[in-house]
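Peer 1: If you read the sequences in order, they're chains A and B. FYI, this note's numbering numbers position 13 of the first sequence as 13, with every residue one higher than the one before it. FYI, this note's numbering numbers position 50 of the second sequence as 157, with every residue one higher than the one before it.
Since the hints were made in silico from the structure, they are not lab data. Since the model is a prediction, treat every value here as computed from it, not as a measurement. Cβ coordinates follow ideal geometry from the N, Cα and C atoms, glycine included. Honestly, I wouldn't trust all of these hints.
Unchecked claim - Subject to a maximum C-alpha distance of 16 Å in a straight line, what follows is the list of computed EDC-like cross-link-like pairs (lysine to aspartate or glutamate):
1. Lys94(A) with Asp163(B)
2. Lys52(A) with Glu66(A)
3. Lys3(A) with Asp93(A)
4. Lys185(B) with Asp164(B)
5. Lys94(A) with Glu31(A)
6. Lys3(A) with Glu151(B)
7. Lys185(B) with Glu121(B)
8. Lys52(A) with Glu31(A)
9. Lys52(A) with Asp67(A)
10. Lys94(A) with Glu151(B)
11. Lys94(A) with Asp164(B)
12. Lys185(B) with Glu118(B)
13. Lys94(A) with Asp204(B)
14. Lys185(B) with Glu125(B)
15. Lys94(A) with Glu208(B)
16. Lys185(B) with Glu169(B)
17. Lys185(B) with Asp170(B)
18. Lys69(A) with Glu31(A)
To be verified - So the derived list for chain B, only partly shown, Cβ under 10 Å to chain A, looks like this:
19. Gly149
20. Tyr155
21. Asn157
22. Gln209
23. Phe210
24. Pro213
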Amino acid sequence: DAKTTQPTSMDCAEGRAANLPCNHSTISGNEYVYWYRQIHSQGPQYIIHGLKNNETNEMASLIITEDRKSSTLILPHATLRDTAVYYCIVGYDKVIFGPGTSLSVIP
Amino acid sequence: DAGVIQSPRHEVTEMGQEVTLRCKPISGHNSLFWYRQTMMRGLELLIYFNNNVPIDDSGMPEDRFSAKMPNASFSTLKIQPSEPRDSAVYFCASKQDRRNEQFFGPGTRLTVL
Numbered sequence: 001d002a003k004t005t006q007p008t009s010m011d012c013a014e015g016r017a018a019n020l021p022c023n024h025s026t027i028s029g030n031e032y033v034y035w036y037r038q039i040h041s042q043g044p045q046y047i048i049h050g051l052k053n054n055e056t057n058e059m060a061s062l063i064i065t066e067d068r069k070s071s072t073l074i075l076p077h078a079t080l081r082d083t084a085v086y087y088c089i090v091g092y093d094k095v096i097f098g099p100g101t102s103l104s105v106i107p
Numbered sequence: 108d109a110g111v112i113q114s115p116r117h118e119v120t121e122m123g124q125e126v127t128l129r130c131k132p133i134s135g136h137n138s139l140f141w142y143r144q145t146m147m148r149g150l151e152l153l154i155y156f157n158n159n160v161p162i163d164d165s166g167m168p169e170d171r172f173s174a175k176m177p178n179a180s181f182s183t184l185k186i187q188p189s190e191p192r193d194s195a196v197y198f199c200a201s202k203q204d205r206r207n208e209q210f211f212g213p214g215t216r217l218t219v220l
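Put together the whole structure using the sequences plus the hints.
Peer 2: Written out as structure tokens, the structure is:
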């Protein structure tokens, strides 16, 4: 049962910010929002997670709405190496991957 | 740190044969996860362990699949007998308690002819 809804695909110009949306309207109080990405033929890579507050690390920023029903992953300056499938997941210890968003960064 | 280690990286076998996939988690990580990825079904969680104990195996497709974690540094996923529909990439991941992020291995690409 998919708990999140993401666009199937998105394009972003190299050097621009990539904003990837995610809806998770059924999220429960103790569930985190996680973002992972998978570059072709590699294992998924953790990006960032959050519970209520916005979060930032060296890879990305995560903006979570006040009602926690949606979030946005922001890659501030997308590069060609950011082309990947991005997964938004809600959960606690156990995380269930959906189909994700295929992001293409275009030169 | 070498990261999560999986072996073999590629496996080609014939239908009916036993297949054993191996995983060495990152040292100090308490939880270990096995996933399967196919084009049709995406990335599916098969089973996960915490402190070497299976916690949730609801994703294991059928009795042909079994997983063990005899100690904190080793886990196996066994398929017996294998079938062509088991062809997929199998990923192992590990994480520490009190940390949220999972670290994935490079995967084992299994082809059952």
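Peer 1: State for each hint whether it applies.
Peer 2: Here is what the structure says about each hint:
| no. | hint | verdict |
| --- | --- | --- |
| 1 | Lys94(A) with Asp163(B) | holds, 9 Å |
| 2 | Lys52(A) with Glu66(A) | holds, 7 Å |
| 3 | Lys3(A) with Asp93(A) | holds, 15 Å |
| 4 | Lys185(B) with Asp164(B) | holds, 14 Å |
| 5 | Lys94(A) with Glu31(A) | holds, 10 Å |
| 6 | Lys3(A) with Glu151(B) | holds, 14 Å |
| 7 | Lys185(B) with Glu121(B) | holds, 15 Å |
| 8 | Lys52(A) with Glu31(A) | holds, 10 Å |
| 9 | Lys52(A) with Asp67(A) | holds, 9 Å |
| 10 | Lys94(A) with Glu151(B) | holds, 11 Å |
| 11 | Lys94(A) with Asp164(B) | holds, 11 Å |
| 12 | Lys185(B) with Glu118(B) | holds, 13 Å |
| 13 | Lys94(A) with Asp204(B) | holds, 12 Å |
| 14 | Lys185(B) with Glu125(B) | holds, 7 Å |
| 15 | Lys94(A) with Glu208(B) | holds, 11 Å |
| 16 | Lys185(B) with Glu169(B) | holds, 12 Å |
| 17 | Lys185(B) with Asp170(B) | holds, 10 Å |
| 18 | Lys69(A) with Glu31(A) | holds, 11 Å |
| 19 | Gly149 | holds, 6 Å |
| 20 | Tyr155 | holds, 6 Å |
| 21 | Asn157 | holds, 8 Å |
| 22 | Gln209 | holds, 6 Å |
| 23 | Phe210 | holds, 7 Å |
| 24 | Pro213 | holds, 6 Å |
Hint violations for this structure: none, all hints satisfied.
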